[in-house]
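**Q** Using the sequences provided together with the hints, build the complete structure.
Just so you know, the protein sequences line up as chains A and B, in that order.
Using the numbering used here, read the first sequence as starting at 1 and increasing by one per residue.
Using the numbering used here, read the second sequence as starting at 266 and increasing by one per residue.
Read the hints as simulated data drawn from the structure, not as lab findings.
Just so you know, even glycine gets a beta-carbon here, dropped at the ideal spot from N, CA and C.
Heads up, some of the hints might be wrong.
Label pairs and their in silico Cβ distance ranges [what the hints assert, rightly or not]:
1. A:216 <-> B:728: 44 to 50 Å
2. A:65 <-> B:894: 47 to 53 Å
3. B:665 <-> A:198: 35 to 41 Å
4. B:808 <-> A:216: 53 to 59 Å
5. A:38 <-> B:888: 48 to 54 Å
6. A:125 <-> B:931: 57 to 63 Å
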Amino acid sequence: MLSRSITRMLAILAISVLSHGVSSSLSAQEMTVAQATQLLSASSPDEVRMGIETLGLLGSPQAVAPLSARIRQGLPPDLLGAAIDTLGVLGRAEAGPILFELLAHRRPEIRLRTVQAISTCAPRGADRALASSLSDSSPAVRAAAAETLATLRATSAVPELFLAFEHDVLQAGPALAALARAEEVPRIVGYLGRMPFATLRPMLLTLLQRTDLAARIRMDLVGRLGELATAEVRALLSEFIESLPSNDNSPLRRAAEETMNRIAG
Amino acid sequence: MRNNRMATMHRGCAKFLVSGAIALTGCGGAMAFGETFPDNREDHLALVAQRLDAGREASLRAHHEQPILVAVTSAPMRLIAHDLERGTMLWETPVELRTVPYVAGHSVVTHEGNEVVIRSLTTGRVTGRVGDRSLNLVGAAGEGERGVVVLSTGGGVSAFSVVVGLSGGAPTFQAEMQQPIGAPAVSADMGFVPWGHQNISAIDLGSGGEIARLRATQGVVASAVVEGGHIFFGQDGAALLSTNTAPAFVTIPGEMPGNPALLRNAYQPPPGPNSAQSRVRLVTRLTAREGAAAFEGDAAYLVYYRLVIALNADGQSARWIAQLPRDAVGADVIDGGLLITDESGAVHLLSTADGRESRVVQLGSGLIYATAEADALSAGTPSGEVLPLRDQLLSAAQNTDARLVPLRELAVRLLAALPEAEVTGNLIAICEEPATTASVRREACRVLALRRAGNADVLQALERHASFLRGIHAPPVGPLAEASLAMNERRAVPLLLSHLRDPETSAADLASIARVLGAFGELSAAEPLADFIRLYRAETIEAGLNEGLLASLTAYRTLLGPTSRELLEETATDALTPVAIRDAARAEIVALDAPASEPPTTSDVTTETADMTLTEADDPRPETLTPLLVNQILDDARPQLEACLRTPRRVVDMVRVVMVVGPEGNVLMVTTTPTEAQACVEPIVRAHTYPATRARGRQSVTVEVRR
Numbered sequence: 001m002l003s004r005s006i007t008r009m010l011a012i013l014a015i016s017v018l019s020h021g022v023s024s025s026l027s028a029q030e031m032t033v034a035q036a037t038q039l040l041s042a043s044s045p046d047e048v049r050m051g052i053e054t055l056g057l058l059g060s061p062q063a064v065a066p067l068s069a070r071i072r073q074g075l076p077p078d079l080l081g082a083a084i085d086t087l088g089v090l091g092r093a094e095a096g097p098i099l100f101e102l103l104a105h106r107r108p109e110i111r112l113r114t115v116q117a118i119s120t121c122a123p124r125g126a127d128r129a130l131a132s133s134l135s136d137s138s139p140a141v142r143a144a145a146a147e148t149l150a151t152l153r154a155t156s157a158v159p160e161l162f163l164a165f166e167h168d169v170l171q172a173g174p175a176l177a178a179l180a181r182a183e184e185v186p187r188i189v190g191y192l193g194r195m196p197f198a199t200l201r202p203m204l205l206t207l208l209q210r211t212d213l214a215a216r217i218r219m220d221l222v223g224r225l226g227e228l229a230t231a232e233v234r235a236l237l238s239e240f241i242e243s244l245p246s247n248d249n250s251p252l253r254r255a256a257e258e259t260m261n262r263i264a265g
Numbered sequence: 266m267r268n269n270r271m272a273t274m275h276r277g278c279a280k281f282l283v284s285g286a287i288a289l290t291g292c293g294g295a296m297a298f299g300e301t302f303p304d305n306r307e308d309h310l311a312l313v314a315q316r317l318d319a320g321r322e323a324s325l326r327a328h329h330e331q332p333i334l335v336a337v338t339s340a341p342m343r344l345i346a347h348d349l350e351r352g353t354m355l356w357e358t359p360v361e362l363r364t365v366p367y368v369a370g371h372s373v374v375t376h377e378g379n380e381v382v383i384r385s386l387t388t389g390r391v392t393g394r395v396g397d398r399s400l401n402l403v404g405a406a407g408e409g410e411r412g413v414v415v416l417s418t419g420g421g422v423s424a425f426s427v428v429v430g431l432s433g434g435a436p437t438f439q440a441e442m443q444q445p446i447g448a449p450a451v452s453a454d455m456g457f458v459p460w461g462h463q464n465i466s467a468i469d470l471g472s473g474g475e476i477a478r479l480r481a482t483q484g485v486v487a488s489a490v491v492e493g494g495h496i497f498f499g500q501d502g503a504a505l506l507s508t509n510t511a512p513a514f515v516t517i518p519g520e521m522p523g524n525p526a527l528l529r530n531a532y533q534p535p536p537g538p539n540s541a542q543s544r545v546r547l548v549t550r551l552t553a554r555e556g557a558a559a560f561e562g563d564a565a566y567l568v569y570y571r572l573v574i575a576l577n578a579d580g581q582s583a584r585w586i587a588q589l590p591r592d593a594v595g596a597d598v599i600d601g602g603l604l605i606t607d608e609s610g611a612v613h614l615l616s617t618a619d620g621r622e623s624r625v626v627q628l629g630s631g632l633i634y635a636t637a638e639a640d641a642l643s644a645g646t647p648s649g650e651v652l653p654l655r656d657q658l659l660s661a662a663q664n665t666d667a668r669l670v671p672l673r674e675l676a677v678r679l680l681a682a683l684p685e686a687e688v689t690g691n692l693i694a695i696c697e698e699p700a701t702t703a704s705v706r707r708e709a710c711r712v713l714a715l716r717r718a719g720n721a722d723v724l725q726a727l728e729r730h731a732s733f734l735r736g737i738h739a740p741p742v743g744p745l746a747e748a749s750l751a752m753n754e755r756r757a758v759p760l761l762l763s764h765l766r767d768p769e770t771s772a773a774d775l776a777s778i779a780r781v782l783g784a785f786g787e788l789s790a791a792e793p794l795a796d797f798i799r800l801y802r803a804e805t806i807e808a809g810l811n812e813g814l815l816a817s818l819t820a821y822r823t824l825l826g827p828t829s830r831e832l833l834e835e836t837a838t839d840a841l842t843p844v845a846i847r848d849a850a851r852a853e854i855v856a857l858d859a860p861a862s863e864p865p866t867t868s869d870v871t872t873e874t875a876d877m878t879l880t881e882a883d884d885p886r887p888e889t890l891t892p893l894l895v896n897q898i899l900d901d902a903r904p905q906l907e908a909c910l911r912t913p914r915r916v917v918d919m920v921r922v923v924m925v926v927g928p929e930g931n932v933l934m935v936t937t938t939p940t941e942a943q944a945c946v947e948p949i950v951r952a953h954t955y956p957a958t959r960a961r962g963r964q965s966v967t968v969e970v971r972r
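**A** The following block contains the structure:
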């Protein structure tokens, strides 16, 4: 997600610099943070945009404060979106306060962009803020919050992620599989038979592949999957086995192979 | 005098009786409803009053005879009569009724085919038939053996009506009139016939001659009824017939679901036996009190399909609500209580005190209409539990029967009229429940905003914020905000600020929040309002946000006064902010610059004159020019002002007009938001004259022009 945002920003900046460079006395690359900040106060939306984009291009941590202040002064929708994207591109934790404020912006599109910016800025307190966003009225914001919590490895948000998953925020599933502690794995396994296997499949694969989980936990999971003995389970175990190094001869691999072989093909 | 051409009275029409039938054509005789008959003659009215007084005992006895219910069944249609005391059927007969049947003393009068049929109330035997001359049977009434029947074209131009006298169930005389005639009443051998919307004539049923005529201009006169030997008449209101030639009409104030009249509008086409009018009606018993009409027990009963609400005579508060198992098709106030007949054939006698059932008689037939003469019916002991009125009203407000929506709205209003603090919680629940019918919810929200009790419920609701994961919906913040203001509950301020920042707060509620924050005057609200204004002033996407921003600007100016100028000017000059918001900020600056009027003191307005001392109360000038006053003054120009909403560049939903007016009513300045409307609005506003006020200086007034 981060690389996609940066690519988009660079493309925007390239176009912007080309279009504005003709009329401006300085090109974006030649400006200082102070000069770009001055543009933020312009009455022309184009100049404000150029200021925002220049601050992004300059990449200085000093750009966060003027961008935050400009956002708080009120921006039209397109410029507000650009400012948030720029904060995301800057990726500075100092952007936390303004980003947390924007998580309560009235427009869900802004909240979504903010969540995405938080994923690159990783400010302190992001886990709590994003856990709250799991209760956002917008499904897109909830989904992005769940994904970002996984990206940020926000284990403190696991209880909220469980709640979200049980309220059909399916993006909370992969996050749970990635973040759940050993004692929380049974709760995920408990979803077998209660939720569609297709929904649970990537979570189960992640759990099987997590080497930070004790082998006993994962052996138990294989055993539970063996009880189901469906073609879907067989395909999942096959994929898991294929993902293991060829020289892996662990008990987990052997258990997975035995279970798979027991299930009729 | 009246415009009643061809007013004729035919005596001795019995000569046209053929096998008990009478044809109403060609019956000659003396004049009645004469053009020259004087109205409002106190001596005539005194004579009538004398006869009513003398006949009162007999009248009361006549209405306390065997309690009989006359009803109409659905397919196959039959007319039936039941002895209610014994619970036995007296008679039944197949009929094809065109209108509801009328009990007229010892007779039952119906309109069948082209005839009016008169039957004995106790036996069902046909005692007379009258050709209808293509007229509607408007009504019939009687007392003992005497009665009258009214046939009419109904109201309007070329109206034509006939009154037929009855004696012993047979026609005696007829009178014609080129006016609409309403529903009659009979007492003390006199017929009382409303006509021409304003008149009621007393006719001697022995001679058929008119003996008194009252023209009442204070109310519409469409029906007459007899209660306790007194004659009442009217339509939306009811008046007592006495020697008073300008009688007062009593009414049940307030809008009722279905708009049932107090007394039937008998100038309209008469209701059929299956008419909804049988299921939606206002039932009262009138009584004479201090020479005027009054409601017995100061109560009225609104029957609405399956629900019956006992209302206080003020129309604004309830006593009880009864829910019937089936729709009501008949309702009468009798001595023993409120007699309700439902469509299943069950007759319920309800206590007028608490709505409990004191007696039920099962007639066992599917009914479409019922009417009773049952004052003699004895009431049993009311049984069952009496729920608190709040629970009764709440239950009615939450009834899921789709036909009851208007009554549910009334139940919400009546609920809100209760002083108990708990009502506020009930109203919040209805207001915020998405499954509730929209109009009921709107009404609950409207009355919630006016609550003055139940602070704890308001605060508790405001503490709640929407949460998807916890299944919590946003509370109805706008009405709650208004309620907190009505309660002067300042603890709501931080909660409202929290909702101002919450994206789940409906845009429609933002204006209320801002208005209330401004009205509370808590300075702690200023900075959050400023944050809100700054963050959203350049927003152009969310519908309804502008209203919240405009109200926030006003609230901010109200809270900070001159200190608000910086943000207002910043907003007014911010090139990225939409024109409407910039204009609104400018208008606030104008308001800021207009000096507030100082409230006059008594000493300021007290003037010594030669023979009197004028006090503030004597000063006819309004204290200030209010938006309400300005709106009233501009009312005649509303179409032109609304045309100003269409500016050369765009069409706007609303124009805010800020006027700066001097104490003499002189308009000093007019500004509009948006400014494009200024050229159109200003000349209209200036063309009007505004009153001088008691204000000591200039004042600014803001009014809104909306589509």
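**Q** Check the following: the C-beta atoms of residue 65 (chain A) and residue 894 (chain B) are separated by a distance inside 47 to 53 Å.
**A** Hint holds: Cβ distance 51 Å, inside 47 to 53 Å.
**Q** Does the Cβ pair residue 665 (chain B), residue 198 (chain A) satisfy 35 to 41 Å?
**A** Between residue 665 (chain B) and residue 198 (chain A), where Cβ atoms are some 39 Å apart, the hint holds.
**Q** For residue 216 (chain A) and residue 728 (chain B), compare the CB-CB distance with the range 44 to 50 Å and indicate the outcome.
**A** With a Cβ separation near 46 Å, residue 216 (chain A) and residue 728 (chain B) satisfy 44 to 50 Å, so the hint holds.
**Q** Kindly confirm whether 53 to 59 Å is satisfied by the beta carbon distance between residue 808 (chain B) and residue 216 (chain A).
**A** Cβ of residue 808 (chain B) to Cβ of residue 216 (chain A): about 57 Å, so the range 53 to 59 Å holds.
**Q** Tell me if the beta carbons of residue 38 (chain A) and residue 888 (chain B) are separated by a distance inside 48 to 54 Å.
**A** holds (52 Å)
**Q** Cβ-Cβ distance between residue 125 (chain A) and residue 931 (chain B): within 57 to 63 Å?
**A** holds (59 Å)
Consistency with the previously given hints is maintained throughout, with no hint failing.
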